[in-house]
Amino acid sequence: MQVTGSYTFDGLPSDVWAVLVDPDAVADCVPGCKSFKAMGSDKYRAIMAIGIASVKGQYEGTVSILDQRPGESFRLVLEGSGTPGFVRGEGVVNVVEKGGKTQVDVTGDAEVGGIIGRVGHRILGRASKLLIDEYFKCMRKKVASTRVGS
Amino acid sequence: MIPAQFEYAAPSSLEEALSLLCKNKDDAKLLAGGHSLLPMMKLRLAQPGLLIDLGKVTGLSYVREKDGGLAIGAMTTYQTLEHDPLVASYFPVLAEAAGVVGDVQVRNRGTIGGASAHADPAADLPAVLIALEASFTATNGRRERSVPADRFFKDAFLTPLSETEILTEITVPALSKGSGAVYHKLPNLASRFAVVGVAAVVTLDGQGLCERVRIGVTGAGPNATRAKTAERYLEGKEPTEKNLAAAAQRATKGIELQADYHGSEEYREAMTRVFTQRALAEAVSRAG
Amino acid sequence: MTTYTGQWMLRREDTPLLTGNGSFIEDMAPPGLLHATALRSVYAHALITRIDTTAALAMPGVVSVITSDDLEGSVGDLSTVGRPGMEWVEGANHPVLARGKVGYVGQLVAVVVAESLSIARDAVDLVRVDYEPLPVVMDITEAAKDGSPLVHEHIGTNLGASLRVAGGDLDAAFARADHVIDEHFEVPRLSPAPLEGRGAIAQYDPEQRTMTLWMTTQGGHHIKELLEETFNLPIEHFRVMAPDVGGGFGMKHHLYPEDASLCYLAYKLGRPVKWVEERMENMVASHARGFATHVQAAIDNEGHILGFRARQLADMGAYYIAGTLTPINVAARRMLGPYLIDAADIECVGVFTNLPPTGPFRGAGQPESTFCVERTMDIIAAKVGLDPVEVRRRNLVPPSALPYTTATGMRYDSGDFIAPMNRAIELADYDRWRDAQRMQRAENKGKLIGIGVATACKAAGGGGASFTSDARVVVTPQGKVKVYTEVSPHGQGIETVFSQIAADVLGITPADVQVLHGDSDMVFRGQGTFASRSLTVGGSATHVGATEARNVLAGVAAQKLGCAPEEVEFKDSKVYKRGTPGQSISFAEVAAAASATAQPGGEPGIEVTGTFVLEDNVFSSMAHIAVVEVDPDTGCIRFLRYVAVHDCGPMVNPMIVEGQVHGGIAQGLGEALGEVMAYTREGQPLTGSLMDYHLPLAEDMPEIIFETVNTVSPMNPLGVRGIGEAPTVAAPVAVANAVADALSSLGVRVPNIPLTPMRVWNAIHHAGS
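Protein chains in written order, with our numbering: chain A, 1 to 150; chain B, 1 to 288; chain C, 1 to 769.
In short, the hints are calculated from the structure, not lab data.
Bear in mind that the values here come from a model prediction, so they are computed numbers and not experimental data.
Among these hints, one or two may not hold up.
Mimicking DMTMM-like on lysine to aspartate or glutamate, the simulated pairs with C-alpha atoms at most 20 Å apart in a straight line are [what the hints assert, rightly or not]:
1) A:129 <-> B:256
2) B:154 <-> A:133
3) C:447 <-> B:241
4) A:56 <-> B:27
5) A:129 <-> B:155
6) A:34 <-> B:256
7) A:129 <-> B:265
8) A:56 <-> C:125
9) B:42 <-> C:281
10) A:142 <-> A:97
11) A:129 <-> B:260
12) A:56 <-> B:163
One-sided and incomplete, this derived list gives chain B residues near chain A with beta-carbon spacing under 10 Å [what the hints assert, rightly or not]:
13) 4
14) 35
15) 37
16) 41
17) 45
18) 122
19) 221
20) 222
21) 261
Label pairs and their calculated CB-CB ranges [claimed, not checked]:
22) B:253 <-> A:137: 23 to 33 Å
23) B:68 <-> A:145: 47 to 57 Å
24) C:130 <-> B:142: 42 to 52 Å
25) C:47 <-> A:14: 33 to 43 Å
The C-beta atom is built at its ideal place from N, Cα and C for all residues, glycine as well.
Pulled out of the complex, with its shape left as it was, chain A reads as follows (with noise of 0.2 Å):
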């Protein structure tokens, strides 16, 4: 399953990049994140309950953020699984400068497996576009805190 979206962001990239990568800013906009600690660099074990409307599950797994380039772009790899099934995605986030503010660009595959892909898959792109979605609009907030702190 192919998964892209582009988010723009008030702000200069390497600030918005800064808060992407940042495992708190993570933990709390991963939706549904119900614990997330970090088990040695770059990588993070996390609990998340997720639902789509009576589908409700919780899924346990982890997070890496590779391949880290300051301002530019980074690797998430994720990979969760769950009574209702797994997902396993990867995907690069690229952040450039445009007209004054930033996009984010996302582009990625998942895999979704078990009962959840079998019976769901009709559903699992948009299902997936909502929660990315609300990933990011978490993440605008995030961005928009930090530059009034600072």
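Given chain A, put chains B and C in place with the hints provided.
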């Protein structure tokens, strides 16, 4: 197919149901037919702690005249909509659409309110209710409110209903004289949900021009929606084949096309246009 | 003497089934029963790095959780049935429980047993399995290429099995050809989707060292043999019993990992253990078809096929199960269909993929190949400018050439391959539809009319051991008859049909005949129901057994009637000397007298075992014609007419024949129009539930115009040719040919089946791109 353990309540009044819902809002689901919810529970994708069955709540299943249109209780089944004489005389399109939902078993259990609140992006009735400009009445026991159909289906499985509200009634306003309405769908051959479904309501004026056009589209995007650009294009125009085609071309405007195994974005776009054109043509011929 | 044979008779099986009084595995509950649930792989290809059963085992009511370690030394991998002339690699037999790695989504990893099904189901969610994903290979063409990810690293190739059959001078045929047709055809992976899924109950008797397996199967004797090969425990005797079985279509003729697991658990726990499959499990348990074929046909200007070459890839999935090699064998050997083709070279190669194992389904290789040949016939017609019917007429084996042996070694015993086509053309009003098509094309608007023809032949019998059938016939002292058969019915109406056969032989009524089946201890040996063998082989054995019983009775009656045994007639439940029906004695009286002379022991009455051995497969033939209209704006297909004519030989029960044909056509149309097990490239099922997998619904079915031709086969005493699988051979390609014909007016090539609206629309709207 065994669901996870859950409690079951079958309240007999709306007040009782609302009170249960309020006390268990994070953990309760309303059962209003159950042909979507129960399979998800059996697959353990949904694991509500409490199932509140609205089937025994009195006064939620009815069809009655209201201000020249109809008021329909939320627990009214598809089967009733399909065969009710009032529905047949006021809004035959609603009866026709109810008759192409799922199969007989689904239609016997499934309800207009349950399906609306579930807001499956491929369900049939939302397109029709949007085109008919229905409105949805919900209550949390303290406050009753009404939401128009084109703002009710917000996104896939997402409505404005809060966790403590129960949908009680769908009202469908009267159609003006000279109106014709129809619902056409391309079914997913396995599930019979709509790959694309289009409901069209066309009102012709004394000169035979399209005075008012309402188009509801389901299946194509993440939610059922009005094809407003197409409506605006056709209003005031003569319903020629060329104009209908040009309107249909505009039916996908604003829809974030979805893709699955049964329909790519491109196919859904094309089918939305084809079925809009066919629905418009049929609605015009029924209006005449 | 056919009072009942050939009559429409309601099926005696139906009343209990239609009134909810059937008895299926799900209905059975021996005392002390435990319940099992399955933990399955969610990955298509992965190493298992850890399995933690602690939490599940700690749950109250959980009795056992087994993984592959528990089976070590006691239960081997599932065996596969080889085929003469075929080569296949070792080391890919299906493990009962995944050992260190998984090869497809749905593979059995662990089994949880508990006091109740609810507990077992809850406990499955507590078993934790850690996987390390491996590269996945999904597509057979990709899998067959060098450098593809390997399903079995230790084997070193995904090419697991192959069979090549050739005959005649193919080089010469191609050398003198006016044209060479070069085409590629694909037939999708399908779910057999029987109405009842799989299920079994295993119970072990340590005193008798007997393992009893009640199972929803097509052949208990076959399962018993497979269990004996799989188990390495001091079990003396396996007994396999089938209660009511809700369809199988080939899928229930394998021994599955779940069945072996249940036997192991019953042995280990000393209590009966039951497992009943859910539909979602059935959809990924085992599949069929999944063929890609490259065809080259050498033809002359008159449309005659001079030579035929094909290279097929067959999707075997990740492991062999019992019947995996069968479709490969059938597809290659029976590629050439009902045509006179002097030279051929056919190779079929089985390919491993990270998908569920495959096996026979409704035709077992014949539909796969018929699809290629019948599409080719239409392409030849277009090439040489002939009507598709005429091309077939020029190539069909004429009655005068029968018996005929194909270049691939198949012997067609007898019949008339042209008669069904001639009758189908009349019934379809073929010329009128061609006129309608010409008019539609001249107007160049509206829906596209297409006409598709398929002619085919289909073997009945199977091969090897399945050519032999035993029927134990008992005539009780009261004059009732019991037929014990090894055939294992699961919806075919075999009790009704066999009672008709036995009743006619013995001059009694079908109501006097009880047909018993579904117990490997009931008849010494057997194979079950598949390959359209039930009537051709099992029905013939019933005929032989009933005839032998009659001979015994005739000897006894002859003494009473004062005549020679050859002069004794059996009719209307009476026995008399030929020509003097007025001086008869009752059948019951003869039965009682004969019983008095019977050996003591065994059942009261006389008992004989009739054995029938089919020398070689018997062939039926058929012609289907589909007339469709294609909506070019949506890609939707609608039937305007559907005609099927089958030469099934004489009919024992025409009502059942028609029912079989309707069912077979439904499955064929499903294959043509909707069914496909589609997967993501990671190996996750996209059509893994009936919300996405399009089994045909009643409203999808056209009205079927059906007739039979009834040429008598010399291969069996009933003269029959089999009917169960035949319609599924012709139907998919008749539809594909019809849609191809419709699309040809736009210059568009028909896409691969299933011809879903989107595929057809894409073909039309992306033609040339």
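Results for each hint:
no. : hint                        : in the structure
1   : A:129 <-> B:256             : holds, 12 Å
2   : B:154 <-> A:133             : holds, 15 Å
3   : C:447 <-> B:241             : holds, 18 Å
4   : A:56 <-> B:27               : holds, 10 Å
5   : A:129 <-> B:155             : holds, 12 Å
6   : A:34 <-> B:256              : violated, 31 Å
7   : A:129 <-> B:265             : holds, 15 Å
8   : A:56 <-> C:125              : holds, 15 Å
9   : B:42 <-> C:281              : holds, 13 Å
10  : A:142 <-> A:97              : holds, 18 Å
11  : A:129 <-> B:260             : holds, 15 Å
12  : A:56 <-> B:163              : holds, 15 Å
13  : 4                           : holds, 9 Å
14  : 35                          : violated, 13 Å
15  : 37                          : holds, 6 Å
16  : 41                          : holds, 8 Å
17  : 45                          : holds, 5 Å
18  : 122                         : holds, 7 Å
19  : 221                         : holds, 9 Å
20  : 222                         : holds, 5 Å
21  : 261                         : holds, 7 Å
22  : B:253 <-> A:137: 23 to 33 Å : holds, 25 Å
23  : B:68 <-> A:145: 47 to 57 Å  : holds, 53 Å
24  : C:130 <-> B:142: 42 to 52 Å : holds, 50 Å
25  : C:47 <-> A:14: 33 to 43 Å   : holds, 41 Å
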